[in-house]
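Colleague: Construct all of the structure, not just a fragment, from the sequences and the given hints.
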Amino acid sequence: MAEATMNYDEAISKFDPVLGLEVHVELGTNTKMFCGCSTVFGAPPNTHVCPVCLGLPGALPTLNKIGVESAIRIGLALNCEIAEWCRFARKNYFYPDMPKNFQTSQYDEPIAFEGYLDVEIDTDEGRRTFRVPIERAHMEEDTGKNSHVGGATGRIHGADYSLVDYNRAGIPLIEIVTKPITGTGKYAPEVAKAYVAALRDILRGLGVSDVKMEQGSLRCDVNLSLRETPESKLGTRSETKNVNSLRSVERAVRYEVTRHAARLTAGDTVVQETRHWHEDTGISTSGRAKSDAEDYRYFPEPDLLPIAPSREWVEELRASLPENPAVRRARLVADWGLSEIDMNTVVNSGALDLIVEAVDAGVDPAAARKWWTGELSRIANDRGIELEELPVTPAHLKRLEELISAGSLNDKLARQALEGVIAGEGDIDAIVKARGLAVVSDDGPLLAAIDEALAADPAVAETIKSGKLAAAGSVVGAVMKATRGQADAARVRELLFEKLGVSE
Amino acid sequence: MSDLIRKDASELAGLVSSGEVSAVEVAQAHLDRIAAVDGDVHAFLHVDTAGALASAAAVDVKVKAGDKLSVLAGVPLGLKDILATNGLPTTCGSRVLDGWIPPYDATVVTKLREAGVVILGKTNMDEFAMGSSTEHSAFGPTHNPWDLERIPGGSGGGSSACVSSFEAPLAIGTDTGGSIRQPAAVTGSVGVKPTYGGVSRYGIVALASSLDQAGPCARNVLDTALLHSVIAGHDPMDATSINAPVPDVIAAAKRADIKGMKVGIVKELGGEGYQAGVRSRFEESVALIESLGAEVVEVSCPSFPAALAAYYLILPSEASSNLAKFDGIRFGNRVGDDGTKSVEQVMSETRAAGFGSEVIRRIILGTYALSAGYYDAYYGQAQKVRTLIKQDFDAAFAKVDVLISPTAPTTAFKIGEKLDDPLAMYLNDVATIPVNMAGLPGMSLPIGLAPEDNLPVGLQIIAPAMADDRLYNVGAAIERELLAKWGGPILGMAPELAGA
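Protein chains in written order, with this note's numbering: chain A, 40 to 543; chain B, 116 to 615.
If you are wondering where the hints come from, they were derived from the structure by calculation, not from laboratory data.
If a hint is listed, it holds; no wrong ones were tucked in.
Computed list of chain B residues with no C-beta within reach of chain A, every gap over 10 Å:
id: 1; residue: G129
id: 2; residue: A150
id: 3; residue: R228
id: 4; residue: E264
id: 5; residue: G388
id: 6; residue: V500
id: 7; residue: T525
id: 8; residue: L606
Reference listing, derived: stretches of chain B covered by chain A, where coverage requires no fewer than 3 residues with Cβ under 8 Å from a Cβ of chain A:
id: 9; region: 213 to 222
id: 10; region: 318 to 332
id: 11; region: 352 to 360
id: 12; region: 432 to 445
id: 13; region: 477 to 486
Because the structure is a prediction, the values reported are computed rather than measured.
Beta carbons are placed, not taken as given, at the ideal position from N, Cα and C, and that holds for glycine.
Modeller: The structure is reproduced here in structure tokens:
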């Protein structure tokens, strides 16, 4: 049931929003956090399970070292301190998707703490950086997945029965929790979205997770509260779960601001509760009330040894971190002379790394960008494959560009050469030779083709002579067609104007 | 009745490996003994006749082929019903696990199978190892072979009773606060709790993870050492398992020389609250140790009086979490699932019907102790006591090589005598609990009968962590003198069981 809301601008004029974001990331380790079972997504239910992740009596956890390493690398990338000594704890509560009826997690001793992430957004005053303070990043295990069969909603209420799939139980998770994010004002939704996007880019760059929000490998809970002024104490927060796309993060913050504001203005209190986000309707609904009385009876996990990452190891991991994606992006924007919009196109196409590779090999940035975001993206898209799967190397693009600069290939012929590469016909020179791809440089055949084209459309010569130079396009097109694309279009145009006695 | 049942494990292993007796004959002799006397003793919850004979036959095949055999190949054994056994019921003495057949073996079980040890069946225990008398088994108590009206100790009363009633020469127990040593003491058998981390806990249903440790039970020190050597060692499946060589306990049991050693008597473990006959046998042992050329001194461990209270916060806290998985959802009994109830109701009814009163008591205690607002006062404080106990031991072992005390304050009491008095029951483990709190190895060795009731008394020997071999050296030295004095094993003094 939808609740009352207030217009967003009005809400922001009356209240100061405070954000808190909790992001759960499923790590891309081969095996689960505490056993050797596979983490591959989409297997038949309960096939990636063993006594440990099923919590059978007697089974014991053992720690996945890659999981710990990933957690430390994430912590470092988020400018966190790394604990010199920390432990797992048991979070005790009963739920059928939890095999042991406790979750092995971290409580007061997280592996990483006290960090930050800077995010940039567009504001009325131009681009502005907001620093999002990170409270902690800790390790834990995922739960199984319940599905409720029968009933209309797919929820537990009204269902005939429920099934549990424990394939997901024990998959390593990192939970990244921000401190209260203040000072965003009306930009709270944009900051929230930018934070999750920046976090996603960092995690992808680290190679620790496939960060697919739609598959749940990156999940976001949005905490929001309002207060009357930035000086007031924090208001009561709601925690919106199931916010599973970047767009939803922004919408959920915006919605909660308008919902809280309406309640507070009407003199109602905001209930501290868990809410469910509904992507389709763009609203949240009340879940369970979450009082502070909820008692997880945390205590240190006695089945696992404390973790004491050596400082040498931590420094080694720090030294091997990839460049921060935001820093890298800013550097490339400057180096390549791109606009932010161009850069967005590049990043969204998934071609950034490929373009960087090509540029490093000596290809002009603009050309590399043109090929990867244009023709090659189209081909990959048509075939339903990833760009990385195309057999096109930086060397191919470099040679192609050399031939274009030398005037021996034009754009159309270059595309044909790339087709040859993708079809596995060899290197560029071999393809050019085998396919007979060369710009016709002899004026004779071009003049003959121009004559043919003008004869076919007698009116066009007069149109061009009258000063409508754009009409030349149809003639050039006809000539290109007649020469199967092997003419140099600029030369054709030149010859045409010469013939008609027109100057550009 | 075959005389094979009276033989030591080391002797049986020799007879089998030399081909003089087949492992199947040995197994059958013990199965016959169980059939004859276990109706009275009730040491076993489940006897695996077919499995025992099959694994014995496999040993015989190896003997015929001339294959190399382990030190205990073909020797029968009783397994406490808390170790997961692939294809064999594992109940932990609880209704909540009635009918559960594990799909995997505990690491200890794997090691036993690989060594050709013949598993006769699963032995009785207090439910989830909570108790000192085996009266808290959901499947009825085990009786002490010395006097069937009396308890065989607990929680591993089935293991101590099967060994002392000659149903098996060997058994595996687990010891969280004394559950191997106290049953050994009251049945006149030998039991060892190894160093924490010395024996894998993988596949052993957890009571209190930071205290639990499996160990060997037998009728003499050497047999105990042989079994210890088979089950000990690093296990990558147990994160708390120690990755270091196993102390040479067999060599130590054969050495049996304590000349020049320093032995400490723990002042706080003895005296008031200890039965007169327990004290007198203990004092005789002290004299015996001195006569063997060891120096005996008194040491003080001032924090030990707080050990029992701290233990009864740490154990229930860990147990309340460890036992949360018994909810009827994935395995074991499910109660009340008639299609109308919520999952919470079914979990709740399953647990109410499946757990006995002692288990429920400790779950409630632990749940309370871990609650927000109480954690620091109870669990946190108990952990501080634990640190003090470790420091007391460290200080003591700076002065002496081993420590000694009576294992239990009294001899075996009557079934039913303390059932309604949990605190009196808990006091049985007052001398054994500090050892678990510090993760140290401890042995209980029979040192005679209390004059007032003619029931066995145990001596506890405690060594520093990973010095388990010292227990066997000291134990074997004392045992040799006592056997000479008694003219044979102490269990020869036990009354013959009816049906035998």
